[in-house]
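All chains should be modelled from the sequences, with the hints used to inform the complete structure.
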Amino acid sequence: MAKRKKSDGVNSKVAARRAARKAAQAANAAGGATGADDGGRRAFADLPGEADWVAMREVVPAATATARTNAEYGSKDIVVASLIPGMLPALHRTDGVIMVALQTPSTSGDPSRDVAAALIEILDTEPGTSLDHFELPGPGPRLQDVLDTDHPFEVTVHEGFDFVVPDGVDPEPELKAALEEFAQLTVPTVKVPGVEAAYWCRMGAREFLRWSRTEDEEQLLDALARLHAKRESGLDADARFIGAFRSSGLVVPVWELARGTEAEEIEDLLGPYQERLVAALAVGEPLTADERRARAGIVSRQVTLR
1 MAKRKKSDGV
11 NSKVAARRAA
21 RKAAQAANAA
31 GGATGADDGG
41 RRAFADLPGE
51 ADWVAMREVV
61 PAATATARTN
71 AEYGSKDIVV
81 ASLIPGMLPA
91 LHRTDGVIMV
101 ALQTPSTSGD
111 PSRDVAAALI
121 EILDTEPGTS
131 LDHFELPGPG
141 PRLQDVLDTD
151 HPFEVTVHEG
161 FDFVVPDGVD
171 PEPELKAALE
181 EFAQLTVPTV
191 KVPGVEAAYW
201 CRMGAREFLR
211 WSRTEDEEQL
221 LDALARLHAK
231 RESGLDADAR
241 FIGAFRSSGL
251 VVPVWELARG
261 TEAEEIEDLL
271 GPYQERLVAA
281 LAVGEPLTAD
291 ERRARAGIVS
301 RQVTLR
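Note that the sequence shown ends on residue 306 in the UniProt record's numbering; no numbers are left out.
The set of hints was computed from the structure by calculation and includes no laboratory data.
Wrong hints could be hidden among the right ones.
As the list claims (entries may be wrong) - If you anchor each label on the Cβ, the simulated ranges turn out as follows:
#1 K76 - P173: 50 to 56 angstroms
#2 D95 - E218: 45 to 51 angstroms
#3 R231 - D150: 39 to 45 angstroms
#4 E126 - A71: 47 to 53 angstroms
#5 G74 - A289: 54 to 60 angstroms
#6 R41 - Q274: 46 to 52 angstroms
#7 A71 - G96: 16 to 22 angstroms
#8 I242 - P173: 39 to 45 angstroms
#9 E218 - A289: 15 to 21 angstroms
What the hints assert, rightly or not - DSS-like mimics (lysine-lysine), calculated; alpha carbons at most 30 angstroms apart, straight line:
#10 K76 - K230
#11 K191 - K230
#12 K76 - K191
#13 K176 - K191
Please read all numbers here as calculations on a predicted model, not as lab measurements.
Note that CB positions come from ideal geometry on N, CA and C, so glycine has one too.
Pasting the structure below:
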């Protein structure tokens, strides 16, 4: 069972500076990885925007997306957040907006079940309530059982976490300071326009692209290996493929970009790269010796986010 607490938007104690610092550091670790290994299961399969669900859970520190519960759960509009300050699993804002978080301190191994359990718990609460403690759930409804899968999952990336505060409400000084500190600790991230689940980020003086993909893991690794063996795995000569990680059953390839590259500058590169990748995915022949070596190198550097 969750421990519920009445709050003014976000409980100021929960969102105090130490909680902000701890959560932000967790969000930045391995590009925002949290939770336990899912064993390869595609936790968000059959939901609209599966690749974005994974990206928000693992690599996007501050984002929200639209969703709606199905008729059985009241057909209510909700906000899915990458992370809620204080690492809250869910929040019922004072203006009635219901929010659930994808990045939380612990997981049962099935993030779809975990988020669904938090959502079901917060649905019946009064505005101004937060879940500040949530025990791992047993078997039960998953997001696929709770959400309207015809409702679009539209992601908005934010520079900070002011989205947890209702519009027109001035947060208390302590909360405002915590949110500002929280924002300063997160990795600047931008959703590449016109491309599904592709996210640019800047870490220090370096820029990267992380592109969440929904292809079968083994087939995608084969395709990346084919391109890598031909020295075509980079987006261009200045944007090199450096590896991939996996989470919730999906592979997320990563490229290091030329220094100073902005998100809008790489949109034109992704269309041609997508064509090359699709062609590589369509190849049915076994990998050549060079391609097998390239694949082994990719796999040896691959990280499973936990």
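Now for the hints, and whether the structure bears them out:
no., hint, result
1, K76 - P173: 50 to 56 angstroms, "violated, 32 angstroms"
2, D95 - E218: 45 to 51 angstroms, "holds, 46 angstroms"
3, R231 - D150: 39 to 45 angstroms, "holds, 43 angstroms"
4, E126 - A71: 47 to 53 angstroms, "violated, 23 angstroms"
5, G74 - A289: 54 to 60 angstroms, "holds, 58 angstroms"
6, R41 - Q274: 46 to 52 angstroms, "violated, 26 angstroms"
7, A71 - G96: 16 to 22 angstroms, "holds, 19 angstroms"
8, I242 - P173: 39 to 45 angstroms, "holds, 42 angstroms"
9, E218 - A289: 15 to 21 angstroms, "holds, 18 angstroms"
10, K76 - K230, "violated, 50 angstroms"
11, K191 - K230, "holds, 29 angstroms"
12, K76 - K191, "holds, 26 angstroms"
13, K176 - K191, "holds, 26 angstroms"
The structure is inconsistent with the numbered hints 1, 4, 6, 10, although it conforms to all the rest.
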